[in-house]
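These protein sequences, in sequence, are chains A and B.
Once you know that position 89 of the first sequence is 140 in my numbering, the rest is easy, because the numbers rise by one and skip nothing.
Once you know that position 322 of the second sequence is 373 in my numbering, the rest is easy, because the numbers rise by one and skip nothing.
The list cannot tell twin chains apart, which means a pair is met if one copy fits it or any two copies do.
List of simulated lysine-lysine pairs, BS3-like, C-alpha gap at most 27 Å:
1. K161 to K245
2. K120 to K370
3. K329 to K319
4. K168 to K70
5. K161 to K319
6. K245 to K329
7. K171 to K161
8. K120 to K70
Hints listed in this document are in silico derivations from the structure and should not be mistaken for laboratory results.
2 protein chains.
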Amino acid sequence: MKKATNLNVQAEETHQVRKIAVVGTGVIGSGWIARCLANGYDVVATDPATGAEQRLRASVEQAWTSLTKVGLAEGASLRRLRFDPDLASAVSDADFIQENAPEREDLKRKLLAKIDKSAKPNAIIASSTSGITPSTLQSDCGRPERVLVGHPFNPVYLLPLVEIVPGEATDVAIVERASAFYQSIGMQSLLVRKEIEGHIADRLMEALWREALHIVNDGVATTAEVDAAIVYGAGLRWALMGPFLTFHLAGGEQGMRHMLEQFGPTLKLPWTRLEAPKLTDALREEIIAGCEAQSEGHSIEQLEIRRDDFLVRLLALLKPYWPAANLDGRM
Amino acid sequence: MKKATNLNVQAEETHQVRKIAVVGTGVIGSGWIARCLANGYDVVATDPATGAEQRLRASVEQAWTSLTKVGLAEGASLRRLRFDPDLASAVSDADFIQENAPEREDLKRKLLAKIDKSAKPNAIIASSTSGITPSTLQSDCGRPERVLVGHPFNPVYLLPLVEIVPGEATDVAIVERASAFYQSIGMQSLLVRKEIEGHIADRLMEALWREALHIVNDGVATTAEVDAAIVYGAGLRWALMGPFLTFHLAGGEQGMRHMLEQFGPTLKLPWTRLEAPKLTDALREEIIAGCEAQSEGHSIEQLEIRRDDFLVRLLALLKPYWPAANLDGRM
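This is chain A alone, in the form it adopts within the complex (with noise of 0.2 Å):
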């Protein structure tokens, strides 16, 4: 990533988003068009695909069924989604570009390169890209600066996370902007450290599905029953807390700590297909170090309280919606 260089404020003003291009309209384009159309913008989706259009008109107006709950800004409104078959005039007038083509890397670089040659010189462009790296992505393109990773969780209109991840030539300004822009459509920007394949959350999920993929191969499990060891379970806590801070909890009055010494053996136990890395005394003090951050000074009592507090409301919230209910509860 490039420092920002000559950044100043009304640079930045001129620079606004005010208009959306999104190229692919498959589930997760679809998914952007949906939270940028809630969020009052204006958007031009482009796909060169057979009846696109309709599938697209049909899935943002299932989505703006929950989007209405959730809230509309002021102005927001269906007839602010234009579809343009072509995508050199679709990406023109755009201030930020949302690429979501299938993920192959060749197709991909290519039609980051011919969006890049239409769109306006200030414009963001960002790929959903799951797992290819900004740097591959960008290199094509002849203002590789402004190119980056936007990748976003189904479905898109619902959930907040975004992972914003720059390539070695985004410069860190484009990056303020992007991530502002995300936090402007309701999202929760996480600003990936280094480029690696999946990204993060892709990776804890891949790590989870592998292992899940090993249970059922091995006849241990089938995959409803996998999916009941999630959803009554650890899938509870993961609503509200990630894998450290729920480990926290676990440890008692002493946190982290005392649960990295109680399981970190564990680590070396074949309790998983993957290989765990080695604790060594830094990596332990960074891991406790960073829960204690997120305690936020609070006590361990304090913050099971706060996630008992939680729990009794999502009880009550799923009971008409799990697997255990006639699925017809909620449909």
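Chain B: place on chain A using the hints.
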């Protein structure tokens, strides 16, 4: 697991669970006790540690606030908890005994053998072990057929999942009785088909946990950033659907079949440090059939609408609890 023999209804009725003994009263043991008391059982607790009774009573009182909100069974009372520092007398009159000693094989084997000697002949003995296999644990017991694993999740008084794992010597009738008991205290029993280190849920969590440790160790993210990558994204879906049904919905109209076509090749990429199983035709079909069965005849669109309906409510519920909110928001 041994097949049921001489199973008759009258015998079952005389074996009904009324009195519970809980051995070991740390985080997990006290969680069991709170759950059993809230469901109207008499509980005898035992633990050799100094001050154990006092700590236990404080823990159960803290849990009671949440349990009252969830709803207490008729006659449920904190006064139905008795503490007995003597192991033999604590378990002597119990119909169901739950063991929660530290995770050390030698310690647990000896303890279970002692419990087995002091317990009534028809009492059920369950271990909360997260990693040790039941065949190992029951090997020093005189009546190993009534010994099995019943592995819960923290906080035990709120999370419904319990993994039931029979050992080689466990009688199938005992498995059924244990499962019925756990259901009577509001839990979701998950029978694990094969003994395996870490059972099912902890293997999935451990895979994610090990990858999280690698990510922190490699400087890709801090603990807070890893946690954010879960709570603002996948964590929201996992309260409702496990990894299989989640990916079934990511595949568009064709569900898991399309998903495996599109992301099957990803299994070979270095997205985690865990090597995935080979995606054979047999495994592929097993997973697709599993997801289709879990869908109970509903279309992907119907499942999406149900998911979104839940997510809208969950997002509203989570707002004051999330790290982005001031932690004091729900203290």
